[in-house]
Structures are given as C-alpha cells and as structure tokens.
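Protein chains in written order, with the working numbering: chain A, 1 to 564; chain B, 565 to 867.
None of these hints come from the bench; they were simulated from the model. From the three backbone atoms N, C-alpha and C, an ideal C-beta is built for every residue, glycine too. One or more of the hints may lead you astray.
As the list claims (entries may be wrong) - Which chain B residues face chain A? A few, computed with CB under 7 Å, are given here:
#1 578
#2 595
#3 599
#4 609
Said to hold, decoys possible - 30 Å max Cα-Cα, derived DSS-like pairs, lysine-lysine:
#5 A:162 to A:277
#6 B:575 to A:58
#7 A:526 to B:659
#8 A:52 to B:575
#9 B:726 to A:553
#10 B:756 to B:790
#11 A:473 to B:805
#12 B:575 to A:404
#13 A:282 to B:575
#14 A:526 to B:610
Listed here are the chains, written in short residue letters.
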Amino acid sequence: MAIIGQKLVSQIRETGWKATVAQRTDDAFTRFTAGLTWDDVRGILRGDPPAKPNPRVKPHTEGFWFHIRPTFYHEAVTTLYPTFRLGYLSALFFLIETITGMFLMIFYTPSPERAFTNMIDILTNVPFGSFMRDLHRLGAEAMVVVVTLHMWRTYITGSYKKPRQFTWFTGVILLIITMFLSFSGYLLPWDQLAFWAVTIGTSMADAAPLVGREVNLLLRGAPDIGAGGLLRFYLFHVLLFPLIGVVFLGVHYYKVVRWGLSLPPEMEAIGEDTARKVDQTKRVMFMPDIITNEIMYAAVAMAILAVSSATWYTAPLETHSNPQVTPLHTVAPWYFYWLQGLIKIPHILPFPDSLNMINKPVDDLFALVGLTPKMLWGIVVPPIIIVLLFAIPYIDPNPSRRYKDRKIAIGLAVAFELLILYLSLGGIPTGVPGTGFGYVGGNPVVEVAQEFIPDEGESEVKAIPFDELIVGKYPLANDPAIDEHKAPHLREIVRAIYADMEHRKHTADPLGKKMPEEAEGDVQVKLLQEDLKEFIITIRYIDENQSPQTFSKNAYIHKNSDYR
Amino acid sequence: MNLFYKIITFKPSFGLRIVTGLVGIVLSLATCGIVGLTDMVAAQLKTNDESFEGRLTEAGAKVYFEQCARCHGLQGKGADGAAPAISSVAFLGTKTTPSQRLKDIGWIGTLEGYIEAVTASGIPIKSSQVWEQNHPPFSQRFGGPLRDDQIRNVTKFVANWKQKPFTDGVVDAPKPGAGSGPQPTPIPLGPKENAGLEVFKGAGGCTACHAIRGIATGAVGPTLNKLASTAEKRVTQADYKAAGGKATDAAGYIRESILAPNTYVVPDCPQGACASGVMTANLDKILKPEELENLIAYLVTLR
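Just chain A, same shape as in the assembly (with noise of 0.2 Å):
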C-alpha cells in the first residue's frame, strides 16, 4: 500500500491531479478493453480510420475472448452470403439456451414427485419464470432448425471440401448433440407429452439387436422411464450433452478460425488455404466492423426470440404424466418425425401395396435371418444415415465447389430433403395427404372425439367460454338448438362435430374406414361444482356385427382454466 501511495503522491506532485486522474482512468480502461485506449474505442465508433501501426488489433493478443477471434475476415464473407450466420446464431442459441437453463435450474427437481408441481410453480409463482420457459423451449427449437440449416447451406456451398473435412465431422457430433439435447430437455417437465414422447424415442433403442435391452435399461434406469430415467435425463440434459457439446463447439470454432470462414464457391479452390493469404485491400477488420455486424445479429435474433415468447409463443404443458394411461395418436418430437416414419415403412422394400407380390417374397426372405422391416428401417438404417453424414467430406470425388460442376450433389440432396420431408409427413397419425402412408386411426366414430376433446394438447372443446357451456342436451345437428347469440362458440363447436361425423360417412379415411351411416349423437353439457362443468359427446352407431354401440367421451372444465 505504502509504495502505491507513494507512487500516486508523487505522480500528483508532478503532472497535477487532473492529469493524474485522467490518466489513471485511461489506463483502467485500457486493462479492461484488452489494450484499447479511450480515443480508440472513440475513433472506433465514430468510424474513424484506424492509426498506423493499427491498434484495434491488440485486444486480439491481449485478450482472451478477442484472442479466439480472427483479426479480419475476407470481405466476402462480411454479407448474409454465403454464410447466412447460422453456425453464429447456434452459437448464440446455444448461450441463450444456458442462461435461460440455469434460471430455470434453479426452480427445478429431477424427481418423479416435484418435477411437475415445479413446472407449475415456476408458471404461477415464479416473476419471469413462464417467459423464461418459453425462451428456453422456443430457443431450443429454433437452436434444431437453425444448426439443420448450417449443415445444409455448408453441404449446398461445398464448404465441407478439403481442407475443411473435419469441421464437418465436429459439425455433425455438434448436430446430433443438439438433438439430444433437445430431446432430453423433452422429459424434465414430466408430463404425459413429455412421457410418452421419450418412451417412444427409447424403445426405438430396446428394438437393437444384442445390446437393445442393455442400452435401454442404461437410458431409463429401469425397464420402464421412473424416478431412475428422469435423473438421468436430466444429468444428460445438464451436464453430459452440453459438455460435450462445448468440447466439440471448442474444436469445430478453431477449425473455423484455422481455415477461415469459406470463401463463395467461385472464389476458393479446392484445398487452398485462404485464411492467412487474404489481400490488404480485402480484408475487413474484426474491429470495429465484425463485432458491430455480429451484435447486431445477436441483438435481433435475440428480439426476435424475447418478443415471440412473451406474445404468441406459449411452451406446451400438458397433464401429469400417468404410465398407467397412453394418450392417443403420441408422437416424437418434430424433428424425429422422420424416423417415426421411417418405422411406418411395411416391407424390406419400399414398394406400396400393389407390389405386394414382390414385397412378401422379399419379406419372408429376410425373415429367416431375423431381419424385419421394422428393425431395418428403425435400427439399421438411422445408424446408416449418419454414417454417411459423417463420411460426405471423405467419399465426395468432385473437385469443384462451384454450383455448376455440383448438380448431382445439390440433387441428391435435393431429394434427400423431399424425401426427409415426406418420411416426416407419414410420421405424424395423419399421414401423407393422398398417399395415405403412415395414417393412424382406428374407429372413426373414436376419431370424431378425439379430434374435439383430443386425450392431451389443446383442445377446441376446452376453449368455449365458460359461460357459453349453457347446461343441457344438444342432438347433434346442423341448426343445432342453441342461441346463436348466447353461446356462438357451443353452436359452432356441435355444428362442427355434425359437420365431421358427416363427412366420415362419406369419405372412407385411408385405412377404407367409414362412419356408420346411421351413426347420430348429441353433445351434453352438465354442471357439476357451480365453477366446474362437464362437456360430453355421445354417438350412437351400429357396429359391423350389428349390434348397437354408444361411444361417449368427456371433458372437464373449470371456470377459470382459461385454455387459449
């Protein structure tokens, strides 16, 4: 202390406070900026050309953060295109995704008893809790699309071609931990969307050969998803994946940084090394013009995000989980719609129906094997995709980059895409309009309710105003007899359910099921607690053994449930 004092004493006694002050303050500055003074970050923001020897590029060696960053970038790179700043964006989503995690971290127990009144509290109790909820959610599922597309728009430039191969492959590790990621997240909320989803998911594992049963019982902790699966899901979600994924985002930005960002197809070829060779009048300073670019990108996704979530984004919470019950038509998460259709695929071969006569043969071959089409589309052909995701920089023959020498590669992936597509489509319980692939659905009359009260997710039917749900029995009808000015939305609602049932007797659904013609019924509406009431729709039918059948299904509703 006494040689500091010294120090400054004497530093006052020779230049004047003034000067001391100001350039103490300086000097504070300067520590903290990593070697820039106040007058350059002035000249800095106010456009200035850079003094020579350049000072803006001391934060590079002084500092870590700058250090990990390149001193300029090509100016070609500077624009959208070509890199449309995805893999910055994941990047950025994945810090959102950490910040929000943590927030709610601290609200949250990984236990089968608390998790859900967790979920529950952190919606009604907790300041910012169901906004951070829903940045978490939205910002994860835009982290899946956003990292999908950087892999496409690296595959569409070329970009993963000598000497860029193994940014590629980190880059693909990095694309399947962000699915894991996401679908780990899925089960925390421990409701029945989050339940049945990831049972799905790990019973896929269960269907391997040899190691099926083993790897499962090591996701879940127990034959079935318990208290043991959703500890584990959740040190995955919070620990393992994102570990890996900050060791593999670690390796994949120096590989960046090492080769620099690819140049437009026309501009680079192949194998050459344009990161260190890059011409004094090209080059564009990190600082000030990058790091302005990318605030500005980071400062609009992140409205983006912070807007949606607090307006028309609303992150789904189901019922609580119940093992005992699964809800009908469950399915994966979106971006697993694909390999849900990939296990709808029937045969050995993809032939349809008409083809049978080669697909039985077929079928019956591999049968003997033990190979069927389930475990050939659900088990051995994923593995293979990846795999072959993996190996696109090491077997691609083509030596260009350029779009024009590329047509069979863009076409491929073109139709891998259609066909990604499509698969996605027969995944979901509605199927490929046209096609009928992958259509779930069993008796329509079981239909026409579920797609009114459906067992889980939003409902119409819950979303009538409770002061509409006027107590009584309503036949179902076209003019059905119900105020239209007293209770617009039941009228409508019964119309509807008319409407459906009505279409069902005329149009076969995929699987060649009709409504019986007969088939008629009425929607009640009872009132049990003065705030509670019960919306139930009956149909009476006669079944194909012509006997007569009553279906009826019900819906709970309170006044104050508010469902949007």
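Model the placement of chain B on the given structure of chain A, informed by the hints.
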C-alpha cells in the same frame, strides 16, 4: 433472383448496424420490462395460478368419477351407511370455515389437509358406528391405487364443492355423538322376521350383492339399510307410477322389486343411470312361497 441476390449480399453501413443493434437491444429489454410488469404489477402470476388451480381441479374430477363416485355418489351426496355426503358444507365445511364436525373430531389442520389425509391414508381406526367400513387408503404410499399428484387433484375437486346442507335424507351431518356413542339398538325381530333374515343370508343369496349394516357387505346392488322408508317414498313418486309400478305400500314395493325387478329401475346410481336386468329375476323359482313371505317380512323392518 437479382433482388434476392442483392438482399443476401447487402452490406449494412456502420450507422445502420449501430441503429439496428440498438433497436434490437431496446426491444429485448422492453419486452423483459413488460413481462416483469405484467407478472408482478398486473398480477399475471395470480391469473396463471387460478388457471392452473382450475386445470388441476379438472384432473381431480376425472379421478373422482373413476375412484370415488362409486361410494360418494355423482354429486358427492354419499350413500346411506356406506359413505358420507362430502359435497355438503355441513359435513366438511368450506376452506375458510371448516365444519363443526371437523372441530368435533379434533382436526386442527386445514380443510384441504383433512381431505388429502383421509384420501391418501384412509381412516386407520374404526372410530364411528355410522359407516359400514373405514375409508380405505388411496395413495400408492399406503397400498392404494393413486399417485400423490392424483390425490392432490382430487382434493382440489372435493374442496371445490360448496353445497348447502342436503335435506333429502342423505347422511351429511351425523347426529352429535354418533361418532363415539353406543350402537343404535336394533329393532327386535319376531320369529317370522328372523326366518326371513336367514333366507336373506342363506337360500336367497342376497348377501352376494346387497349390503345391510352389520349383516352383509355386497357392493353390486343398492345398500338396504333403510329399504322400507325408501320404498314408502318411492311408491308415491310419479316416475314410479309412470314406469308401471303397482305397489301402494313398502311391502308391496319390496315384493315387486324381488319378483319383477325390472319394472322400475332407479335412475340415480353413483355411476349414472342404473342398469336394468342386474337383479336376479327368478327368485320366485328359487325360494318357496313361505320363504319369500318371511324375507319380505324381514326387509320391511329395515327403516
């Protein structure tokens, strides 16, 4: 295509970058501010809370009608001798003022706490002579079928009832002392009635389905504790006459119910309308005429 290329190769100027970035940051911060204000000042959290209370009550209703309505009834009015009228304020009270009964039995917790405790663990000791059996445990922790979240939800549903005391003869407010006093003295039975009781327990096979306090615990058919009083009321009802019922007194009603059980089927079973054809219809072939007369003589004493 040209325009598209122009857009994707557009270079925003330094000033435009600063302005756009600032707008983005301000927009994000403003959103956070608005969210904070609506959460804390405009009581959005309270609205969310009410909304989830409602949704959990709905889930509780589902559990109630699957598990509890069988004994406590669709409207929570209970069943005579089997289960109390839990929807009545006389029995449980309201959230703010628990009933006198809860104070009498010495419960010092909240109303919801009482409902949850009884539902989860059941009533462990026989403390009352009013009910045929103790409340069974429903939580998986105590060997019941329900998870604790389901117990909490059904508690919300039951606590949501605020019915006035019932006046139609359902047990909703046991008489003072009923919980600890001596068992009501049974009406002494004559030789004819005693013979009828033996038929009820033996040849008639009635105990398989019906319950009578202290005698039988069948759960398929209605409980017969107050059969004769119920029968007297029934024969005056308009819907009974409309269904073709001819009896004019309790004995006649009971006779008709045994010999032609499907003449009039009661519409208010705990699970909805009662099913026709469940009661055995050929007792006149199984029992001798004398046995039948004795049985009716016994059943008429149930008041």
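Okay, the hints, checked on the actual structure:
1. 578: 5 Å, holds
2. 595: 4 Å, holds
3. 599: 5 Å, holds
4. 609: 6 Å, holds
5. A:162 to A:277: Distance ~17 Å between residue 162 (chain A) and residue 277 (chain A) Cα, so the pair holds.
6. B:575 to A:58: 26 Å, holds
7. A:526 to B:659: Holds - the C-alpha atoms of residue 659 (chain B) and residue 526 (chain A) are around 24 Å apart, at most 30 Å.
8. A:52 to B:575: Given pair residue 52 (chain A), residue 575 (chain B) holds - Cα atoms ~26 Å apart, limit 30 Å.
9. B:726 to A:553: 27 Å, holds
10. B:756 to B:790: 19 Å, holds
11. A:473 to B:805: 25 Å, holds
12. B:575 to A:404: 26 Å, holds
13. A:282 to B:575: Roughly 14 Å between the alpha carbons, so the hint for residue 282 (chain A) and residue 575 (chain B) holds.
14. A:526 to B:610: This hinted pair holds, its Cα atoms lying about 28 Å apart.
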